[in-house]
Amino acid sequence: MNFLAPALLLGLVAAALPWLVHLIGKRRAVPVRFAAMQLLLRSEKRVSARRRLREILLLLARTAIAASLPLVFARPFTERATDFPAVSLEAQSAVVVLDDSASLRRGGTMLFATAKDKALALVRQFPSDSDVAIVLASQGSNPPVAELDPERSRVLQALENVRGSARPADFTAALRRAALILTGSPRDKRRIFVITDLQAAGWEGGTGLPEQKPPEVVVVDVAGETPWENRAVVDVRAEPAPEAGPTGLAVTAELADFSLRGTTGLGVALKIDGNVVSKGFVDLPAGGRTRKRFLHTLPAGSGSAHDVEVEIDADSFALDDRRMTHLELARALRALIINGDARTVRTEDEAFFIETALKAGDAGAALTTVLPDDVAVEGLPAYTAVFLLNVPHPSAPLAAALIRFVQSGGGMFVSVGNKVETAVWNERLGAVLPQPLGLARTASALPGQHAGETLDDRPAERLAPIDRRHPLLANFAAEGEGLASTRFFKYMLLEPVADTVERQVVLRYESGSPALVERTVGKGRTLLLSTTVDREWTDLPIRPGFLPLMQEIGRRLVGASDADATTALLVGQPRELTISPDDRRLEVTKPDGSVWVAKQDRGGASRSVTFTDTDEPGIYRVRAAGPDGALTARPSDAFVVNLDIRESNPARLAADRRPDHVPITTAGAKPPKRRVELWHTLAGVLIAFVLFESILTLRWRRTVLAEQR
Amino acid sequence: MPTAIGPQELAQLGSLELRARVIVEGAFAGMHHNLHAGTSIEFTEHKEYAPGDEIRRIDWKAVGRVDRYYVKRFEDETEMRTYLAVDSSGSMGYAGRGVSKLTYAGYLAGALAYLLGRQGDPAGLLLFDEETRQYLPPSTRGGQIREIFRLLDQAAPVGRTDPARALGHLGEVVERRGLVIVFSDLLDAETGEAGDTALGPLADRLRQLATRGHDVVVFHLLDAHEVELPFDDLTYFEAVEPGDTRTLLAQGADLREAFRRESAAFRERWRQACLESRIEYRFVRTDEAPAEVLRSFISARRRPGRR
Chain B
0 MNFLAPALLL
10 GLVAAALPWL
20 VHLIGKRRAV
30 PVRFAAMQLL
40 LRSEKRVSAR
50 RRLREILLLL
60 ARTAIAASLP
70 LVFARPFTER
80 ATDFPAVSLE
90 AQSAVVVLDD
100 SASLRRGGTM
110 LFATAKDKAL
120 ALVRQFPSDS
130 DVAIVLASQG
140 SNPPVAELDP
150 ERSRVLQALE
160 NVRGSARPAD
170 FTAALRRAAL
180 ILTGSPRDKR
190 RIFVITDLQA
200 AGWEGGTGLP
210 EQKPPEVVVV
220 DVAGETPWEN
230 RAVVDVRAEP
240 APEAGPTGLA
250 VTAELADFSL
260 RGTTGLGVAL
270 KIDGNVVSKG
280 FVDLPAGGRT
290 RKRFLHTLPA
300 GSGSAHDVEV
310 EIDADSFALD
320 DRRMTHLELA
330 RALRALIING
340 DARTVRTEDE
350 AFFIETALKA
360 GDAGAALTTV
370 LPDDVAVEGL
380 PAYTAVFLLN
390 VPHPSAPLAA
400 ALIRFVQSGG
410 GMFVSVGNKV
420 ETAVWNERLG
430 AVLPQPLGLA
440 RTASALPGQH
450 AGETLDDRPA
460 ERLAPIDRRH
470 PLLANFAAEG
480 EGLASTRFFK
490 YMLLEPVADT
500 VERQVVLRYE
510 SGSPALVERT
520 VGKGRTLLLS
530 TTVDREWTDL
540 PIRPGFLPLM
550 QEIGRRLVGA
560 SDADATTALL
570 VGQPRELTIS
580 PDDRRLEVTK
590 PDGSVWVAKQ
600 DRGGASRSVT
610 FTDTDEPGIY
620 RVRAAGPDGA
630 LTARPSDAFV
640 VNLDIRESNP
650 ARLAADRRPD
660 HVPITTAGAK
670 PPKRRVELWH
680 TLAGVLIAFV
690 LFESILTLRW
700 RRTVLAEQR
Chain H
0 MPTAIGPQEL
10 AQLGSLELRA
20 RVIVEGAFAG
30 MHHNLHAGTS
40 IEFTEHKEYA
50 PGDEIRRIDW
60 KAVGRVDRYY
70 VKRFEDETEM
80 RTYLAVDSSG
90 SMGYAGRGVS
100 KLTYAGYLAG
110 ALAYLLGRQG
120 DPAGLLLFDE
130 ETRQYLPPST
140 RGGQIREIFR
150 LLDQAAPVGR
160 TDPARALGHL
170 GEVVERRGLV
180 IVFSDLLDAE
190 TGEAGDTALG
200 PLADRLRQLA
210 TRGHDVVVFH
220 LLDAHEVELP
230 FDDLTYFEAV
240 EPGDTRTLLA
250 QGADLREAFR
260 RESAAFRERW
270 RQACLESRIE
280 YRFVRTDEAP
290 AEVLRSFISA
300 RRRPGRR
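One line per chain: the protein sequences are B and H, in this order.
If you read the first sequence in numbering that gives the first Met the number 0, its first letter stands for residue 0, the second for the next number, and so on.
If you read the second sequence in numbering that gives the first Met the number 0, its first letter stands for residue 0, the second for the next number, and so on.
The shape of chain H in the complex, shown without the other chains (with noise of 0.2 angstroms):
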């Protein structure tokens, strides 16, 4: 297998477009990789009657058993739609050594739309920070996933961190069971201090997506900086979203080993949310090479005994 190519060599590849296809190509030479598991149109619950549902699907067996009116629903295997949401707050704009963790949400959400497409898939695109800044409805309409590659090479990362609101918008949009990949660095959005922490509102709006039933991804994008605190000297640290004064003065080699933990700690803490929440996690640093992660995404949603 030939080595894939890692994300600053992707990078100076013209378009996005281009970069999801060699993406893509990269991870799946020879391979069958359809994102949706599932064979036909399947019976999933009852729902009780309001005014608005389809008369057609009111399960009149029910009725006679119980005198109430329930209407049946179906998951439709053919109609997956797929909602990207991807953070782009001013966090995800840091770049220690290669791209920054925007670009390269950017490269993974631009070739699973790539993917979709060539499946004739329904994909959709939400930009957010503090807010939704573009909302794309998944759709199999041409020019769609050039749409989501213009809106993903335009994103920048500016607002402020507030990743709730808008996967909260998210919920409210979205109708229909679907598969929601979220790619976020999850920073700042947990509340407390050291030893007292908890993840707060976006753990709480992830877990209710899942439980309406929709496919939950997190992708916890991190630069290598942001888990190795490779500095040594004396460093000024200032934080980068807007409005945001914090700064420390610190020797850098006297807090690695300290923030090594903490970053691992906050990891294992979204991880283990996300287990509970059954969400797939996905911990991705942004020096590896996407098409690795991608192959590996695909590969896990494949195996058989996976939700």
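Looking at chain B on its own, in the form it has when it is part of the complex (with noise of 0.2 angstroms):
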């Protein structure tokens, strides 16, 4: 033990006082010359061994006292080895970035909590001058000291409070954000420490510092060179399988290994609704990936929306061993079908057809038919799907109404004909249509039409042979029967795109161009039939694959088609929610029971609000209160939250990538030694005796007087 003003121990004199009062007081004492000696010497006897036990306490309670108070001042410390480079003992404005990240979270939340203790350890051993910032490493997060602080105690207190999320790691944004912290600071000596297990996931996007002076950067890592197995479901998939019967869904899963060696046996399960309903067992190559494909019918009555959940075998990384996906099988169909061409004679009329061929399929489904001027643009997302039969040009609100519908889930089918005016469609209806809208092509002449007075019987466009792979297009016989002999005398030719993940051509002519075309657009689907849904430009309508395929349409327009685009985000992602006119709360609960609650306006008309706490992986389950005001669960609203896969990859960062350039230690090298100010525990133990001291002292006055009552 060393002390900063050694000269202050002189008052260790002080000790003796104690002692030195006693003695005078005993040599103070009233002499007196007592008869009844027998009788006070027995009292003594009885009294003295708790007296004297007293007395010595006391005496030495105040001997300590005295002793304690120059120690204090004379400011005593010692010193220990520290971990932490030696740069960590200078005065400095230092920036601490801690890894919060999810694979910290790896063992528990082990690792984290050593990360923890870390930046604790490193923040109290920073000299009393420094000033320091704390700023979290996972994706998204607020940095908990967001400026250079010099109180030690908020800062700590700050870092107290800091969990372990399950966000990913981006060091990037975290370094600059600690870069531009260190701006603001007046001092030569500016440094990031960063305490991590230095994945190499989150550094993706280069260290973030500025090119010019960027400030040093100390990397503390947490983890060890020691590699850690680990293995994930990096992906999961669930769709109806109508091959399993009105109720089956198909779920896939992708499994990866993280390891050198590959992993034989791993169980894999599949829970529906929280239940095991399925499992399986897969081999994984070493670094290798795999599919699980699991088949399943949910028995019938058990309701349209389903969380659907795979998980492996556990490993030290519990957080990625499982994943879920939200699956909404069949809503109820509530269609809109917009008429651009509406006729008299029910033949000739295309709602006619698509009505009937929808009503056959489902006969609860409710089906509203207007023309394009009667759309209530506000009422859209009542309905579950929107048809818009050769409807020559959307009105600009109509359009946004649509693009709005279609992206948070809605789904949308347009057949074109003479009425649609392409230009007008395509500017305002691209951001939604599968495909811009070409020219039309007449590939015969029209049914009925007489060319010249004579019948024109060449034989029409016909579809190119089907592709049963496509949900829509599974439950057709393999030579596509009852669409294979459909003529078609005319269709719209659409422009060529790019092809990318969310457009897919269902169907095709002989000639090769679309002819039924899906796209998932944000949490919606939009089908585009290259033709009339009437026998104006194809016989279709008449052909025994029309009702089955409308059907199918129907179905999965409002099936919510594809269910991780719209209802499965990634840890940190924003969801966004309607609260309808009708809502007056709207409450999610999130996967550890917690409630949040979004409430309507007075008189507030449709909305979306954005729900970001999505920290958690797990299911967040939506309620609406309505007028009056009993909760209601919507389970097409609920929504499933899963890791960022990037977290599952153990590997670490390579070297030549790593932002510090100072080693941590230098082998063989003596340690770096920190300074421990004790004066704060003398203090303690002080206050402890001055306490202890008056607490004895005032119990024994206390019986004094009682005694003499």
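Among the hints, a few may not be true.
[As the list claims (entries may be wrong)] Derived pair list, reagent style EDC-like, types lysine to aspartate or glutamate, alpha-carbon separation capped at 16 angstroms:
no.	chain 1	residue 1	chain 2	residue 2
1	B	25	H	231
2	B	44	H	256
3	B	270	B	320
4	B	278	B	310
5	B	589	B	614
6	B	25	H	232
7	B	25	H	237
8	B	291	B	234
[Unchecked claim] A few chain B residues facing chain H, derived, Cβ under 7 angstroms:
no.	residue
9	28
10	29
11	30
12	31
13	32
14	34
15	35
16	36
17	42
18	43
19	45
20	50
21	507
22	510
23	608
Treat the hints as calculated values from the structure; they're not laboratory data.
Computed from a prediction, not measured in an experiment: that's the story for all the values here.
We treat Cβ as the ideally placed atom computed from N, Cα and C, and that holds for glycine.
Now that you have both chains on their own, put them together as the hints suggest.
Here you go:
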């Protein structure tokens, strides 16, 4: 132990004071010649043990108090070896970047606890004239101490409150932020201390440091060089599987191995709504991936919305051992049919064919047919699908409403015809159309028309062989029975576009031109038929394949399409939710049971709110309170949040990509020592002794007073 | 009734005789104050004849019945003798804030002697510490009471306490049944330590006196300090009797409660022992008015039913 002010130790002689007072007090005792000595001695014998103990304790307490005071003022300290580099012992402006990303939650939260302890120790050992800020490395997180703060207790308190997150790391942003904070410091010594497991994920964007005079970076590795092995569920897709019946669903999970030896016999379980319904085993090659497909039929009456989860055998990183998705098998069809070419003769009216086909497939379907000018734009959210049949030119408000409708999960079917003004369509609805509309192409004479009084019997265009892998066509025979014989006399060519995963051609003409194209937009889906749904351009409406095709289209549009696109988010991603005018309140219940509430403004219109608190993987359930205040679940709005799979990869950051140029420890060199001041502890001991002495004296006096009474 | 004069006021008076008179007058204004109960010569017991016994007292009827010689013994009411035994050991000299216990004992003994003298009853005095210092046999002769006053006046608390020895001597010299009144603080008469005490030989002597038919009264005199221990500060206690080297350094306040309990237990032990031996026990604090003590004592003795 050393002292900053050793001269003050002379005050230790004060420790003798209580003893001197005791001895002097003895000398000053009043002498009394007393007759009842026998009684007195007997009394003394009864109380002496307790009295002596109390006297000794008091004397010791007072001696300790007298000795502690000069010790405290002499400011004792000791030196201890530290894990941190010597630069941490200098007075400086420092930003501690703490890695709170998901990968530090492996092994429970032990690794994150280690990182946090390191950060706390580091902050404590900075000299008292340093100023410190704290930045978190997880993507999108707010810094606990966003400015350099000289008040150590505040920094430590903020650090104590940090919890490990499930977000991915983004060191580029974190270091950029740290460097920005340091630009405000007038000191020469400005450093960034990064406390991390040095996982490569999160450094993809570089260090984020300025090129001109970047601050010095010190990396504190909390994981060590020992590699960790991991297996993860990196993707789960669920979709209706008509081949397994009306309530059939197919779940495909992609599993990855991040080890050098691979995994055999890895258990994989499928959970539907929290219950294990199927199990299997897979072998994973070292560092490779494999897919596991489950086919499951849900019991009748089990509802349309389901939580789907795939779980593998546990390993040290539990967060990525399960992955979820949410599937809505078939929502009730509430279709708005916008008839752009209404006819008085039903067999010439496009809406007639569509209504007939949809009603035949789903008696419960609610169909509303309107003319383009009669569409109530604000009422669109009440529908699950919109059919636009040969609509000439959608108005700008309608087009905007349709785009919002599709993006928020609605389904849109578009069929063309003579009335369609392609330029207007492409301009106003290009954002949701699967492909821009082009010129109309006539394949042959139109049926029923006479060219020069002669019936044109040239063969019309037909469909190319169908691809049954698409869910829309899964129920058709391999030869496309009911569709293959369909004749197309005229159709609209579509402008070529680049291939994307969101767009898929479902049906093609023999010429190769797309006949039916599907596009996923936001959480919704659009289907474009490049011909009419009446007999004007084709005889499709009178072919046997028309009914099943339209019914599948109806189901496809309202069936929430691709579950991943609509309801599966990654940790930290926001979720848009719609509050309708009838909603008074919207509640989101998080996986930990806590509830987030959004309230509707008085007399408010339909609006969307953004839920951003998607910090934990799991299922987020949504409930809404109507005008009567009763809460009802909205399974179709429920969503799942999954881990960003980048956090599953244990690959370490390559040495040449590390941002630090200061070695943490030098092999063989004497480790740096930090000064640990002890006067705080001593002051605490002093206060404890003072309290002890006070209590003892008080009790003594109370006893005496009670006896005197 | 006028308030009785306290011991400190009595000390202001000139002589013990005067003090005794004041005490008696104060205690018995208008009151008959014969110490001895009884009416006439009464047969009390038989005793086997021994050489020296008077032949005329042989009970011939008894000889006829049991063929052995017994002499009759009688209680002589008019010849009841009173022995005033005053402890004059060093501890009796302790005076807290008033008069010493020895002085106080003198007041009581003097007053009783004065009373007995006025009644024409023989009164004697035994002054003792570890041995008998003065013994004046009971007598009704003129000047007997004055002699008692003189001896009491001259008594000084000097020796060590051993009342058992002195009372043993008294038992030897007293032949006839009498009234033995002991004035002592009884301190250091006990043996053993705290929690394991015995009353020791003094209690045995007193019991023997009572067993022999003496009417024994014990005035247990204690100073107020020996009851309350009123010292607060750090005090260096020293024993008062010569040769006693016991000392104690203590905070008076710390010991007070334990001392009070110890003192009360001490008095209770003696009270119980006296009760068992049919001895009249009277605890007296030396700050009480002697006249009140005397009045209480005489009144109790006159009460019907007492032994």
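Checked hints:
| no. | hint | verdict |
| --- | --- | --- |
| 1 | 25(B) x 231(H) | holds, 14 angstroms |
| 2 | 44(B) x 256(H) | holds, 13 angstroms |
| 3 | 270(B) x 320(B) | holds, 13 angstroms |
| 4 | 278(B) x 310(B) | holds, 9 angstroms |
| 5 | 589(B) x 614(B) | holds, 9 angstroms |
| 6 | 25(B) x 232(H) | holds, 11 angstroms |
| 7 | 25(B) x 237(H) | holds, 15 angstroms |
| 8 | 291(B) x 234(B) | holds, 10 angstroms |
| 9 | 28 | holds, 4 angstroms |
| 10 | 29 | holds, 5 angstroms |
| 11 | 30 | holds, 4 angstroms |
| 12 | 31 | holds, 5 angstroms |
| 13 | 32 | holds, 5 angstroms |
| 14 | 34 | holds, 4 angstroms |
| 15 | 35 | holds, 4 angstroms |
| 16 | 36 | holds, 5 angstroms |
| 17 | 42 | holds, 4 angstroms |
| 18 | 43 | holds, 6 angstroms |
| 19 | 45 | holds, 5 angstroms |
| 20 | 50 | holds, 5 angstroms |
| 21 | 507 | violated, 110 angstroms |
| 22 | 510 | violated, 117 angstroms |
| 23 | 608 | violated, 75 angstroms |
Hint violations for this structure: numbers 21, 22 and 23, all remaining hints satisfied.
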